[in-house]
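We have chain D; now place chain E onto it with these hints.
Protein chains: 2
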Amino acid sequence: MVVDIDRDRFVATMQEQAEIGGTDDGGLHRLAFSDADAEVRDWFAAQLTDAGLDVTIDEFGNMFGYREGRRPDAGTVLLGSHLDSQPNGGIYDGAMGVVAALELVRALNDANIETDHPIEIVNWTNEEGSRYQPGMQGSGVWAGTHDIETEFAKTDTAGAVLEDELERIGYKGTVPATPQREYDSYLELHIEQGPYLEADDVDVGIVTGIVGFTWGAITMHGEADHSGPTPMHHRSDALVAAADVITAIRRIPNSLGRRTVGTTGYIDAKPNSINVIPEEVTFTWGFRDTDPAVIEAARERVLDEAELAAEREGVDVEYEDRMWADPVQFADACTEAVGNAADRLGYDSMRLFSGAGHDATHMADLMDTGMVFARSENGKSHNESEFTSWDDCYRAANTFANAAVDLATV
Amino acid sequence: MVVDIDRDRFVATMQEQAEIGGTDDGGLHRLAFSDADAEVRDWFAAQLTDAGLDVTIDEFGNMFGYREGRRPDAGTVLLGSHLDSQPNGGIYDGAMGVVAALELVRALNDANIETDHPIEIVNWTNEEGSRYQPGMQGSGVWAGTHDIETEFAKTDTAGAVLEDELERIGYKGTVPATPQREYDSYLELHIEQGPYLEADDVDVGIVTGIVGFTWGAITMHGEADHSGPTPMHHRSDALVAAADVITAIRRIPNSLGRRTVGTTGYIDAKPNSINVIPEEVTFTWGFRDTDPAVIEAARERVLDEAELAAEREGVDVEYEDRMWADPVQFADACTEAVGNAADRLGYDSMRLFSGAGHDATHMADLMDTGMVFARSENGKSHNESEFTSWDDCYRAANTFANAAVDLATV
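Residue numbers (the numbering used here), protein chains in the order written: chain D, 16 to 425; chain E, 16 to 425.
Just chain D, same shape as in the assembly (with noise of 0.2 Å):
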C-alpha cells in the first residue's frame, strides 16, 4: 500500500505553523513555554480535533492525538517531534515532523483507510532547551529518564519556574507524562542540520541511529599580573594554555573517526581586562561520535594535552565532566519501514547517523524507533538560514508517512 500525502495541503499547513511566532527574516521564534508556544498548541489541538483524533495533554504538556487501528490490541505507532523553536531559529527544525504526522492522518481519512496498528501523533514539550535545560525535556520525562517533579522545579535566568510557566499558557495536562498504552514502535521525521545529504545530492536520509557526545569543561588557573613589566619566561597565562587546547580540540577527531567533531564553544576569561595576564579560564569540550569508544579516546585525549598545556605555560589545571550520552542505534524494523518506503516512492536515499540530539533517543529505550531525514541546504540549522525546498520537505514526508504506514501493518 502507497500513501499519497496532499502535497498542497502539506505546505499550507507547515506554512500555517510557520505563522505564529514567524520572524519578519522569515525564521521561527517560538520558545517552549512562551505566548507563542501557547497559540501554537491551541492550533495544533484544533488541527487534531478536526483530523478526528483523541487529544490528550499529560501533566508535561506533551500533545497527543490518537487515531484507533484495526486491532487495538495491537502496540500504537507513535509518530511525532516538537513545535518549539530556538530562538530566532527555522521554520522546519520540529515543527515538520509534527506537520508529516498530521498530514498522514489527514491522508489516511480521506483514503477512508483503517490501519492495523493504532498511530499516535506527539507534540514534545520543550525539545530545544533554550529557556529551561536540558533540551528533549517532555520526551525525556516521558520516556522515565527524567524526573518531573526535578523538571517542573527547573528555573530560567529571569527566575520564573517552568511548573509555574506550563500552568500558564494552559498547557498541564491531567494524564500521567509516561506512556498510557502499549507502544509498538516510534518513527519521527526531521531535517538533517548537517550536509550530508545534500553533499551526496540524495533525496532522504535514512537515520541509523544518534551520535553519542561527551560534554565537559577545563579550568586553566594562571597568575593575574601586569602586562607591562612581567617578562614573558615569568607568566602563567591561562589563556594561552586554553588556547592551546582549544586548536588541538579542532585537531583530535582528525585522528579518530570519519565524523567525529570536537568543538569548544563557551569561553570565560577573568579577570577578562586588556592590560591584565588573565588568572583563570574556563572552557568547555564537545565530543560526539558513533562509537562509545572513539568519544571516550577523545575526551582522554582533551584531558591529556590540557595537561602538556599547563605545563607548558605553568598553570594549573580541572576539569568537569557535564555530561555523556551513549549513542543510540535505531532499530532494523525502522531503517528497514524508511529504506523501503524511499525506494518504493523512488526516491534515493542513504543511511546515516544523526549528529544532533532529537525526542527519538528516549524513544529508543521504549521501543523501536527510526527517523527520516530531510536535507538541509547548507546544513544550516538553529538559524533563520535554515531552509529545505518544498520538494525536499515533501519527499521527507512522504517516505515518512509511507514507513509509519507499514510499521503500522501487521
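No lab work stands behind these hints: they were computed from the structure. In this text the structure is predicted, and so the values were computed from the model without any measurement. Treat the hints with care, as some may be off.
Derived lysine-lysine pairs resembling DSS-like cross-links, with alpha carbons at most 27 Å apart [what the hints assert, rightly or not]: (1) Lys-187(E) / Lys-285(D); (2) Lys-169(E) / Lys-169(D); (3) Lys-285(D) / Lys-285(E).
One-sided excerpt, in silico: chain D residues whose CB lies under 10 Å from chain E [claimed, not checked]: (4) Gly-185; (5) Gly-188; (6) Pro-191; (7) Gln-195; (8) Gly-209; (9) Ala-214; (10) His-241; (11) Pro-244; (12) Arg-250; (13) Thr-279; (14) Pro-286; (15) Val-291; (16) Gly-361; (17) Tyr-362; (18) Met-365; (19) Gly-370.
We treat Cβ as the ideally placed atom computed from N, Cα and C, and that holds for glycine.
Just chain E now, with coordinates in the frame of chain D:
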C-alpha cells in the same frame, strides 16, 4: 650633601596611609574618586600643611604641596606619584612615591635645609584608571595630553559622571590643571612591578625610560552552526581562529626584543554556548618594548598571523587599533642623579626600563624626568600579594630623596 630619611617615621607614614581603604588581606582598595580616596586626600593635605607646605588643589583634583627654594627663580623640582589604588591592590604601588616625597620634605625641615630650587610634592588624580579610563589621567590632563572637559564628562559603568564624583569627594579645586610655575624636573619613586631587581639581587633601580606599546582588538567572524551535525570540514569556527592567534601572541615576542612582551588580556565569544560553534570572537593584543620599531613589527606580525588563522579556518577577520604609546627616554640629568645617589649611599643599583606606564610618562613631555624603582617581591603588583620589604622601601626612598636634593641643587 647627603639627606637621611627617618626610616621609622617613613615606615609609620606608609602604614598610616595603608589603613585608609586597607583590606583584610593587607592590601588596599582605594579607587580614585571613592570615599577612601577622599579620606586619604584629607589625610595627605593635613600632612602637607603640617610640613609647612603651601597646598593647592587643581580643577582635576591633582594635589600639590610647595616648598620655597633659596632661588625662587630656579625651576621647581616636582616629586610624587599617586595615592589611588587598583581594586584590591597593594599598599606600595603609587603611595610609596608620595610618602617618600613627604618624608624628604620632613627630613629637610628637620635639618633646616633650604634647597636651591623650590620643591613641590604632587599626588596625581586617578593613575590607576580602574573606574574611569584612561589611567595616568590627572597627570595627562595637567600635561595637556588630555582635554579636561573630555575627561570630566567620562562615566563609570554605573553612569556616574567623573566631574560629579570629583565634586562629591570635595576635590575639584579652583587652580587650573596646568603647570602654574616654571618646572625644572620631575622625579618619581615607584615599585618595579617586575622581577628584574630581585632576580639580579640589586637594591634599587635607575629607570632609564618607559616602554611604548600597541594595543588593539581582532574580531573573527565565523558561522554559528550546531556543534553536533556539522562536520569538521564544514566549519568556520571563530574561536579556533582566535585561539590560533592567541598562541602566536605568546610566541611573537621571542623573535623580537629581549624584553618584548605580548599579551591577550581580553576575549569575548558569541553566542558562547557549549553546543554552538562560535560565530564571533573578539580578543585583544598588547605588545610592549623600548624600541618603537619592535612594537610596530609585533603589531604587523599579529595582524599577519590573524590573516593566516582566518584563512585556515575560513572566517573573516577585522581589527581595530586601540592605543599606541611611544617609548619614553628619561633625561640623563635624572638617571645620573639617581645613580649617583645610590652610589653615595652604598646601594647596588642597575639601569632598567619600566615595563608599565607611570605618571612620569606625561611629565617627560614637559621637563627632565626620571624614576627610581624599589624591588617587588616576585614582581607582583595590582593585587594584595604585592610586597616590598621595609628595607627595600627605605633604600629606594633614600635614593630618591638624595637624587631629588641633587636635582634641587644648582
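Status of each hint after checking the structure:
no., hint, verdict
1, Lys-187(E) / Lys-285(D), "violated (34 Å)"
2, Lys-169(E) / Lys-169(D), "violated (42 Å)"
3, Lys-285(D) / Lys-285(E), "holds (17 Å)"
4, Gly-185, "violated (30 Å)"
5, Gly-188, "violated (29 Å)"
6, Pro-191, "violated (30 Å)"
7, Gln-195, "violated (31 Å)"
8, Gly-209, "holds (3 Å)"
9, Ala-214, "holds (9 Å)"
10, His-241, "holds (5 Å)"
11, Pro-244, "holds (3 Å)"
12, Arg-250, "holds (8 Å)"
13, Thr-279, "holds (6 Å)"
14, Pro-286, "holds (8 Å)"
15, Val-291, "holds (5 Å)"
16, Gly-361, "violated (27 Å)"
17, Tyr-362, "violated (21 Å)"
18, Met-365, "violated (15 Å)"
19, Gly-370, "holds (3 Å)"
Hints 1, 2, 4, 5, 6, 7, 16, 17 and 18 from the list above are not met by this structure, while the remaining hints are.
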